[in-house]
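Use these hints to put chain B onto chain A, whose structure you have.
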Amino acid sequence: MIAAASVELEGGFSSKLTYELSDAGIPVRHDGSVGRFTDRCPYRGEISNSPASIDGVLNFIHKYYPTEVNDTCGMHLHVSFDNKLDYMRLMTKTFYSYFLKEIEAWAKAEGIPENDRFWSRFRGDVHYTGRVWAPELQLLGHDLPNGEGSRYAILNFCWGKHGTLECRLMPMFEDKERSKRAIKAIVDIYEKYLTTHKPREPNYKIDVVDDSPEVLTEEITSCV
Amino acid sequence: MTNEANLPIFVNRETILKNENARLITIQVKRDSEGIKLYLKSPVFEKFFSQYGAVESQIPWLGHTAYNMPAGLESASYQARALKYWGKNTLVPDGDLPNLAFLRMRGLSDGINVTVPTVMTRSQLLDFMRLFKDYTQTLYREFLKPVNQSLEIIISGDAQN
Numbered sequence: 000m001i002a003a004a005s006v007e008l009e010g011g012f013s014s015k016l017t018y019e020l021s022d023a024g025i026p027v028r029h030d031g032s033v034g035r036f037t038d039r040c041p042y043r044g045e046i047s048n049s050p051a052s053i054d055g056v057l058n059f060i061h062k063y064y065p066t067e068v069n070d071t072c073g074m075h076l077h078v079s080f081d082n083k084l085d086y087m088r089l090m091t092k093t094f095y096s097y098f099l100k101e102i103e104a105w106a107k108a109e110g111i112p113e114n115d116r117f118w119s120r121f122r123g124d125v126h127y128t129g130r131v132w133a134p135e136l137q138l139l140g141h142d143l144p145n146g147e148g149s150r151y152a153i154l155n156f157c158w159g160k161h162g163t164l165e166c167r168l169m170p171m172f173e174d175k176e177r178s179k180r181a182i183k184a185i186v187d188i189y190e191k192y193l194t195t196h197k198p199r200e201p202n203y204k205i206d207v208v209d210d211s212p213e214v215l216t217e218e219i220t221s222c223v
Numbered sequence: 000m001t002n003e004a005n006l007p008i009f010v011n012r013e014t015i016l017k018n019e020n021a022r023l024i025t026i027q028v029k030r031d032s033e034g035i036k037l038y039l040k041s042p043v044f045e046k047f048f049s050q051y052g053a054v055e056s057q058i059p060w061l062g063h064t065a066y067n068m069p070a071g072l073e074s075a076s077y078q079a080r081a082l083k084y085w086g087k088n089t090l091v092p093d094g095d096l097p098n099l100a101f102l103r104m105r106g107l108s109d110g111i112n113v114t115v116p117t118v119m120t121r122s123q124l125l126d127f128m129r130l131f132k133d134y135t136q137t138l139y140r141e142f143l144k145p146v147n148q149s150l151e152i153i154i155s156g157d158a159q160n
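The listed protein sequences derive, respectively, from chains A and B.
First residue of the first sequence: 0, per numbering that gives the first Met the number 0; consecutive thereafter.
First residue of the second sequence: 0, per numbering that gives the first Met the number 0; consecutive thereafter.
Extracted from the complex, chain A is given alone in its bound form (with noise of 0.2 Å):
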């Protein structure tokens, strides 16, 4: 189902990891929306990893996590999909609902505090991850409905400019080892997905669907 993902950490970094990160080919970008951090960390911005398995991005996390994080901080996974319907299968309300609800369901499980920034990306309350589903918009990269760009939702559907699924809900956890399992939550809650509602066999119906004077439009369908 998956076929690779890549993730973004924003945060601090001492000079030492940075300089690590620079042996291993690995800039750290500039990101306007990243604040600052105390002295130890001079630069600022995020990372990302190059196309990787799900265990690749582990290891990434486990071995470049940054060295100070604040609330300014997200963590972005994205990841793409072995075949176009299972992207497909994923755009929908249906899908959506479900995601919220097992990732609450995560975060509870996981014991992250109320007053945890985690939460307020939750309800849509930070501005970088709204509530807003539109992926019509987004596959093309157009301004959400609320004015926002395109990409500044929970999902992020950048078919367009990616070929991916970005999930921006998640912040930059203190612990390392919370946000490891906050990208295995979410990889896990994408395949149970499509494991769990697979396709159907056709039920056709026919539905007129324009009965105009002049012409009669029938409309078959069948569904997964």
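Quick list of in silico lysine-lysine cross-link-like pairs, BS3-like style, CA-CA up to 30 Å: (1) B:K36 - A:K160; (2) B:K29 - A:K197; (3) B:K36 - A:K191; (4) A:K197 - B:K36; (5) A:K15 - A:K179; (6) A:K191 - B:K29; (7) B:K36 - A:K83; (8) A:K175 - A:K100; (9) A:K83 - B:K29; (10) B:K29 - A:K92.
Since the hints were made in silico from the structure, they are not lab data.
All figures in this text were calculated on a predicted structure; none of them were measured in a lab.
Chain B in isolation, oriented as in the chain A frame:
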């Protein structure tokens, strides 16, 4: 179940002229692992092309794309706007008109299959079919509808499954 989890992966739409009992167009859209698969069958386009000329080629030139436009298309801005998106992998660009890049293909009267490697939501899929139907009817009404005579172009037989 009728919720959106059951998004259609296959839709067949047939538009029939009531008076003449003629099938103007059959559109079938299927979503699968390769993207969007279309089956189109219509007497309208081939008849239109035979009378007005078809779009034969696109010419990349200095970063722009020019088209060999038939006279019938040049006079119809409605269609020219659709051709603007020639070569794009979106079937309903910008929520506007259907992308008609594939209509230079011959054989619409017999039915053609086209695969577009893109993704669509349920509403985009249905919009595409509705727009395409509207487009076909417009072509028919504007250019092909016989005056005081019954329609000559009648397709018989069932559409491909």
